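Enquirer: Fit chain to chain and form the complex, with the hints in mind.
Here the protein sequences line up with chains A and B, keeping their order. What the first sequence shows, in my numbering, is residues 1 to 409, in sequence order. What the second sequence shows, in my numbering, is residues 1 to 120, in sequence order.
Do not take every clue at face value.
[What the hints assert, rightly or not] Ranges between beta-carbon positions, derived for each pair:
#1 I113/B - E307/A: 51 to 57 Å
#2 D35/B - A312/A: 32 to 38 Å
#3 G31/B - L162/A: 51 to 57 Å
I should point out that these hints are in silico values taken from the structure, not numbers from a laboratory. Quick caveat: nothing in here was measured; it's all calculated off a predicted structure. Think of the CB as a built atom: it goes at the ideal place given N, C-alpha and C, for glycine as much as any other residue.
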Amino acid sequence: MEGLLRELVPQALAVLVRRHGQFDACEDAVQEALLAAGVQWPRDGIPVSPLSWLVAVASRRLIDEWRSESARRLRESTAAALAPATPTPVPDQDDTLMLLFLCCHPWLSAPSQLALTLRAVGGLTTAEIASAFLVPEATMAQRISRAKQRIKSTGTSFDMPLGSERVERLGVVLQVLYLIFNEGYTASSGPQLQRTDLTSEAIRLARLLHRLVPAEGEVAGLLALMLLTDARRAARTHPDGTPVQLAEQRRELWDAGQIQEGTTLIDRTLGSGPLGPYQVQAAIAAVHDEAPEADATDWPQILALYEVLEIATPGPVVTLNRAVALAMVHGPRAGLALLGTLDADERMARNHRLESVRGHLLELAGDAEAARHYYQRAARMTASVPEQRYLSLRAARLAEPDEGAPPPS
Amino acid sequence: MKYILMMFGDQASMMETRSVEWIKEMIEFMGTVNDDLTNAGELVSAEGLADASQAKTVRYDGGIAVPSDGPFAESKESLAGYWIVDVESEKRALEIATHIVDFTHGPLEVRQIADAPPEY
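So that you can see chain B by itself, here it is in the shape it has in the complex (with noise of 0.2 Å):
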């Protein structure tokens, strides 16, 4: 089953505030992280997103699909980036994004990927 774990936040201004032993420590994390799923046979994708304020959205106004500067939601609320595992169940989902959540504090969303077959 595929989930997709979300971060989301402003990663840039979280780590303004952060030491360089702690910038340190979060690179090796992540790496292991990445290192740990692939090895375990559940790493689909991973990526970062270049930060909100790079970002442009679309929407429908006036009977026209425009682009504007800026990302959809509020950066604080703006996705930073994600993993899409290939897993068991959703406990195991469940149990990565704890790990990962463990270390950064920040929020993490699971939601299933609705590849599922239809029933019928």
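Chain A extracted, bound-state conformation (with noise of 0.2 Å):
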């Protein structure tokens, strides 16, 4: 039922945005009778039409506040019922694109375009949300309501954008379900490293995406991406909540099943025109994915590809990535060379990751005791708590040197 109720929501918020414009409100009224339906359907059982269901209840709670608001619009409101409506509303398969777009709006914040897509055609309620990223449920509840405010504020209407704005916008959203997923799939704050509902809901909402734009390459790149990275879920953690590097990660446990399908995503979109850096990240993710043993990984494949990726999107993350595959082929001295020109970039300076890759490729180098310094730097500059054990506990491992180091990652 809650799939079933989660489908819905984007598809009724369509149907009463377009009879009524007011987006802010009408979100307000589907999300009502979300909650409603979550109480009466187990009690009742789901209604024949579940989607008429849910418009005809959200549309009385609509009028209910209008009629609470003032006399004309209570006419108004009043027309809007008598109005011809078809019985079962068809939702077409733009309006949720269309909602995306809006909901990915680039004039509103980050947080803001991930509560407000989970919310609106992620069909979660406040408090799922909420909880998803652990802040309390009125800080979430505000946070939305602003976002619906800074949408109506803008004017933007329920139109689809075209052209060049199109490709921007679908940037956006593209963007906006990565972050979400990112949330889930490495948890930035709290002590699980990974919070699998959103991970499932991007995944979800990825999907949603590629059935309404199947010839966007990079659209199919993302799910691609999404579903290559978390077949790796089950082995990326401890049981305590230590990270297990990709080299030391128990490769039975990877879902076979999200492997092939991402790997199939991936090789259809490859040749179907430019690469973009969704797509040019599946390729590398599926490179990983197919080695049978870390041994295995065709790491001047993964080279070539972050050099195509350097093109695409220069930066230094990039340039951190292409630093370790340049170290798996080249050894680990050609990586930390690389890695030196990352030194003067104003945007690693504050990057924990930058000197744990060092501490990582001096350990390969045979440097033991100027790794254990860079780990135990990166394990200063990391914001999260399992992170800081590892890279203590690698430095650790360096101080004992019959401990033996751990494979290479």
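Expert: Encoded structure:
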């Protein structure tokens, strides 16, 4: 029932917004209908036409809301209620896409885009979203309310962007979905390393988007990237919560079905046009996931793909990842030399990953003392408790030569 | 009644001198503490903070509020993390703190959260 409700929320919202405009009021009304369904459907059974039920209940809430505002609104809303409406609203595929564009409006802050998308398109309740982001419900409710006010004040209508604007806006939508996925996958706060609800939701929304715009390579690329990354979920953490590096992961725990699906997706889009960054990242993930064990990883291919990625989206993080691949192909000193070029980069100044990767490459190069120093530095810079502990552990291992260093990752 | 259990000190420096074995045991211990508190229905919140070297402090200076790099207190006296627990009495809060300090050997300050209703 929950899955059904989530699917219906954006459809119901789209119907109402088409009828009445006023995205913010309609969204509130649909949210209330969603909560009502959550109480009544388990009790009374799922209605024969669940979408019509949601639309009817939401419409009544809307009208009640307007009625309590002014007589003028009463006349307007009565007219709307009397207007001939299709008995079973037919959801337009484009409407959900439009909703996505609306919720991912570039003038909203990223947290607002995420929250609004999860609510209006994802069909999650405010409480569920608050719980996913580990903030109080009242805080999340305000964030969503303000986001909707912002949309209202920009005067955005329920119209599909076209041409270059559409390309740009689609890029923002992909970014939002990727942020949702990442939030769940790496869990930027909280003691758990992963929050699976958000990763599942991000994948579900990416699938939905892929169905809506099947010709868009980058959408397929993002979905593939999510699947290929999520496939490793079970192997990614020790039971005590510390992270397990890629090279040390037990690959029998990887989800073969997701890897298959992701690989197929990316194989299909490669060669169908210019490659975007999500497609390249997905291709890299596919190369990793296809290796039966760490030693069998096709690092030269990964290095080549990072070189492509660096052209598409140059930046210190890509360079950092390329340095790892470079080290695996041409030796740790080559990787370290590339890292050196990042030292002057302002953007990396506060980034613990630069230090931890440096530590790792030094360890591979056999310089235990220097490696230890950098692991400890990285431990001080990370904002993740599991990662603090992991890095401290790596450093401590190097101080005990009998322990032996873990296999390279 | 809610209490905050505050852990002070430079955790990173402390960890740098610890053995692999000790660190592994510490990770397991901390996990168990949180699990036990959750199962007992007492855990409200538990967080570790980023290292003091990452902190910035905003002070009121010369008529305006100004941020500057660095923590408020010296690293060795900086807040490193906390638990907020909802317990029956101060005695229970101290019992929890004692259990933790028995393992970590570092000091833990226990303070009531002032959310008691006013009495008048």
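Enquirer: Would you mind marking each hint as holding or not holding in the structure?
Expert: Hint-by-hint comparison with the structure:
Between I113/B and E307/A, the C-beta spacing of about 54 Å keeps the proposed range 51 to 57 Å intact. Between D35/B and A312/A the C-beta distance comes to about 44 Å, which lies outside the given range of 32 to 38 Å. At roughly 53 Å, the beta-carbon separation of G31/B and L162/A lies within the given 51 to 57 Å, and the hint holds.
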